[in-house]
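One-letter residues, chain by chain:
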Amino acid sequence: MSDFFASIGIPELIAGIMVLALNAYVLMGGADFGGGVWDLLASGPRRDAQRELITKSIAPIWEANHVWLIVVVVMLFTAFPVAFSTLGIVLHIPITLMLVGIVLRGSAFVFRSYGSRARGARRRWGVAFASASAITPVLLGTIVGAIASGDVGTASGRVGAASFADVFIAPWLAPFPIAVGLFALALFAFLAAIYLTIEAKDDAALRNDFRIRALIAAIAVAVLAAVALGIARTAAPRVMAGVVGGSWSWLLHLCTATAAITAIVALWRRTFRLARVAAAAQVSLILWGWALSQYPFIIPSTLSIRSAAAPRVTLTLLLVGLAGGALVLIPSLRYLLRTFAGRAEESSEA
Amino acid sequence: MSDLFAARTQMALSLGFHIVFAEIGIAMPLLMVLAEWRWRRTGDEVYLRLAKRWAKGAAILFAVGAVSGTVLSFELGLLWPRFMQLAGPIIGLPFSLEGFAFFTEAIFLGVYLYGWDRISSRAHLTAGVLVAVSGAASAIFVVMVNAWMNTPTGLSMSGGQIARIDPIEGMLNPSSFQQSLHMLLAAYAATGLAVAGIHAAILLRKPDARFHRRALLLALSIGAPAAILQPISGDLSARTVAAWQPTKLAALEGQFATERGAPLRIGGWPDESKERTRFAIEIPRGLSLLAFHDPDAQVRGLTAFPRENWPPVPPVHIGFQVMVGLGTTMAAVSLWAAFVTIRKKDVARHRWLLRALAVVTPFGFIATEAGWTVTEVGRQPWVVQGVLRTADAVTPMPGLVVPMMTFAVLYLGLGAIVIALMMAMVRETM
Numbered sequence: 001m002s003d004f005f006a007s008i009g010i011p012e013l014i015a016g017i018m019v020l021a022l023n024a025y026v027l028m029g030g031a032d033f034g035g036g037v038w039d040l041l042a043s044g045p046r047r048d049a050q051r052e053l054i055t056k057s058i059a060p061i062w063e064a065n066h067v068w069l070i071v072v073v074v075m076l077f078t079a080f081p082v083a084f085s086t087l088g089i090v091l092h093i094p095i096t097l098m099l100v101g102i103v104l105r106g107s108a109f110v111f112r113s114y115g116s117r118a119r120g121a122r123r124r125w126g127v128a129f130a131s132a133s134a135i136t137p138v139l140l141g142t143i144v145g146a147i148a149s150g151d152v153g154t155a156s157g158r159v160g161a162a163s164f165a166d167v168f169i170a171p172w173l174a175p176f177p178i179a180v181g182l183f184a185l186a187l188f189a190f191l192a193a194i195y196l197t198i199e200a201k202d203d204a205a206l207r208n209d210f211r212i213r214a215l216i217a218a219i220a221v222a223v224l225a226a227v228a229l230g231i232a233r234t235a236a237p238r239v240m241a242g243v244v245g246g247s248w249s250w251l252l253h254l255c256t257a258t259a260a261i262t263a264i265v266a267l268w269r270r271t272f273r274l275a276r277v278a279a280a281a282q283v284s285l286i287l288w289g290w291a292l293s294q295y296p297f298i299i300p301s302t303l304s305i306r307s308a309a310a311p312r313v314t315l316t317l318l319l320v321g322l323a324g325g326a327l328v329l330i331p332s333l334r335y336l337l338r339t340f341a342g343r344a345e346e347s348s349e350a
Numbered sequence: 001m002s003d004l005f006a007a008r009t010q011m012a013l014s015l016g017f018h019i020v021f022a023e024i025g026i027a028m029p030l031l032m033v034l035a036e037w038r039w040r041r042t043g044d045e046v047y048l049r050l051a052k053r054w055a056k057g058a059a060i061l062f063a064v065g066a067v068s069g070t071v072l073s074f075e076l077g078l079l080w081p082r083f084m085q086l087a088g089p090i091i092g093l094p095f096s097l098e099g100f101a102f103f104t105e106a107i108f109l110g111v112y113l114y115g116w117d118r119i120s121s122r123a124h125l126t127a128g129v130l131v132a133v134s135g136a137a138s139a140i141f142v143v144m145v146n147a148w149m150n151t152p153t154g155l156s157m158s159g160g161q162i163a164r165i166d167p168i169e170g171m172l173n174p175s176s177f178q179q180s181l182h183m184l185l186a187a188y189a190a191t192g193l194a195v196a197g198i199h200a201a202i203l204l205r206k207p208d209a210r211f212h213r214r215a216l217l218l219a220l221s222i223g224a225p226a227a228i229l230q231p232i233s234g235d236l237s238a239r240t241v242a243a244w245q246p247t248k249l250a251a252l253e254g255q256f257a258t259e260r261g262a263p264l265r266i267g268g269w270p271d272e273s274k275e276r277t278r279f280a281i282e283i284p285r286g287l288s289l290l291a292f293h294d295p296d297a298q299v300r301g302l303t304a305f306p307r308e309n310w311p312p313v314p315p316v317h318i319g320f321q322v323m324v325g326l327g328t329t330m331a332a333v334s335l336w337a338a339f340v341t342i343r344k345k346d347v348a349r350h351r352w353l354l355r356a357l358a359v360v361t362p363f364g365f366i367a368t369e370a371g372w373t374v375t376e377v378g379r380q381p382w383v384v385q386g387v388l389r390t391a392d393a394v395t396p397m398p399g400l401v402v403p404m405m406t407f408a409v410l411y412l413g414l415g416a417i418v419i420a421l422m423m424a425m426v427r428e429t430m
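Chains A and B are the protein sequences, given in the same order. The first sequence runs 1 to 350 under this note's numbering. The second sequence runs 1 to 430 under this note's numbering.
None of these hints come from the bench; they were simulated from the model. Mixed in with the good hints there might be a few duds.
[What the hints assert, rightly or not] Covered stretches of chain B, as calculated for chain A (at least 3 residues, CB under 8 Å): (1) 57 to 63; (2) 78 to 86; (3) 111 to 125; (4) 164 to 175; (5) 247 to 254; (6) 395 to 406.
Glycine residues also receive a C-beta, built at the ideal position from the N, C-alpha and C atoms.
Start from the sequences and build out the full structure, keeping to the hints where you can.
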């Protein structure tokens, strides 16, 4: 463990901040996608009320939440330009598909909110919003899975030498990345359902709808985690080794499992705020588990954080910029979240 | 279609689509804040209705701008990985600052749109001001990146490798100020006059509508000053191009021969094979005077440079003519409106002025697209002037025509929907 701390320099620090920004994106932006999933799956006597709660909950914040993704991308190409160009080349297809999903999700959401009041038109935008919300996280997870598997790194060395399918398709259109994609979708849906139990605080029936949905999502998370790890055993042995073999991985697993069980028990006992904290911790620990499992690589096993890092002057300036940005960002974000906390029980939009 | 051409087309489409929404996203918040401020000062409910209408429009346009901007940040790597590998460490700094400005904009737009009844009136107005300020700031930062591509400073190369970089010097490159100023003024002029034009058209049919009267005057108060100042900013930009990008200057003026006292050409068709521009109206010594502020200055023509370093001349020359022509018209109509106001006459009842404003409605956006063509196509064959060729920056992935068509269809569809929504919104006010 002391080796680990001895290896931390500015590049590793920036990589850590990137994971932190990705963590924020998953907890906030991820839950907005999860909200879209529950819009798609809205059912029962309170179907319209479910959809309305989802819309009101995400409307004021989804654009701000979305910016975390841009922060991650900008940090990646500033601090680790080689990693960015490698991902851009090998994962061109899934990234393009994810972008189409991002564009459709955002546009359809505002078109529904501000466009024609006619029921048919609203319903069509609703379907577009909800489907794009369900597809985009799968692609995001697939991209992460492809990186973690090490196949992106391998393929990047074979550009121009191997076939189109081997370089541009095989690294991501494979069982393990797709399993990670579905796992990401389940995680986002799980987070969203738990957040929505809190948004629905004044409507016991609606709240219970999302409680049950959260419990179902928790089971899906567990099943898909098992499936992904099962596939990893043969298809992505490097991931398996990282997840099981790391020097402190058992501690991480213990914490993740505790958080997961706490979330489920809290949901069962209707202590929703505890459930939210536990679920957020669970999802964050999974993300950090992935990040630490591939340390010191940014793209396993060809590109390390060190070897991909930009010149020192860029990294230093980036750190200064991030610190300055955080000074503006954190109070602003707190203000936004505070202004709209528990926003769903009343409509304030003109 | 070659992969390089497909990649360039996709990038041009994405930027050309995004730039319109970005401009509106910069200027519209200023309009809505002005309307809200007038309402707080005068108590006139019409202003409140106006602020809420404009905010609603801004919400749709901002969202489409935000998602199309996200696409761009990824496309840099999807289409031009070798450009980003070289440039990332330098242009990452303004991009990071832009990221935070955009963050602030998104946060306070959320507060503004959904906070009417949740926060104090002063806090609400402040939120709107923050949206307007951070929108302008993010435009400045992102244009600095483009300015660096035109006049790259802050790096020295040796043997095709970067020897030294200075991101701050790169950010404050010789074009940064001129280009940012030109873009900001373009955003205020295009959006302000477009909004004014829409309300002018309605006033021609309903001369007594108070809502549209107020809207026209507020929009003019933003659009007209920007349109009047834009030619001055254009002169500044053109002189920087003359000093730093002589091939771009030669292309945009259709200047093939190197000569002293070069004429200014209005219109015309540059014939690359015959190396001369035909059918243009020539103003003697005009170009030397404008580009170098000296009627006898020598202007280097395209033939002074190797042919493989020429940009495609016709689109650059024609783009420039379109931009200058439309911009001049906008400035003239704005001066007319200013003149009518100074004479203490009612702009909203001046039917000929209203007609002119209605005609000018789309000019700013067309001029923006034309100007963007000038700066981007005019830099070819370089992606980073003199440092990296576009052909060397493109991704090795084949079949780029497929993503290009995908985004073309996506953006055409989105564009059509947004226009339909905006038209429906305008009709609701009539």
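Now the hints, each set against the structure:
1. 57 to 63: holds (count 4)
2. 78 to 86: holds (count 7)
3. 111 to 125: Holds, because 8 residues of the segment 111 to 125 of chain B bring their Cβ atoms closer than 8 Å to Cβ atoms of chain A.
4. 164 to 175: Result for this restraint: holds, n = 4.
5. 247 to 254: With 0 residues close enough to chain A, the hint is violated.
6. 395 to 406: holds (count 7)
The structure shown violates just one earlier hint, number 5.
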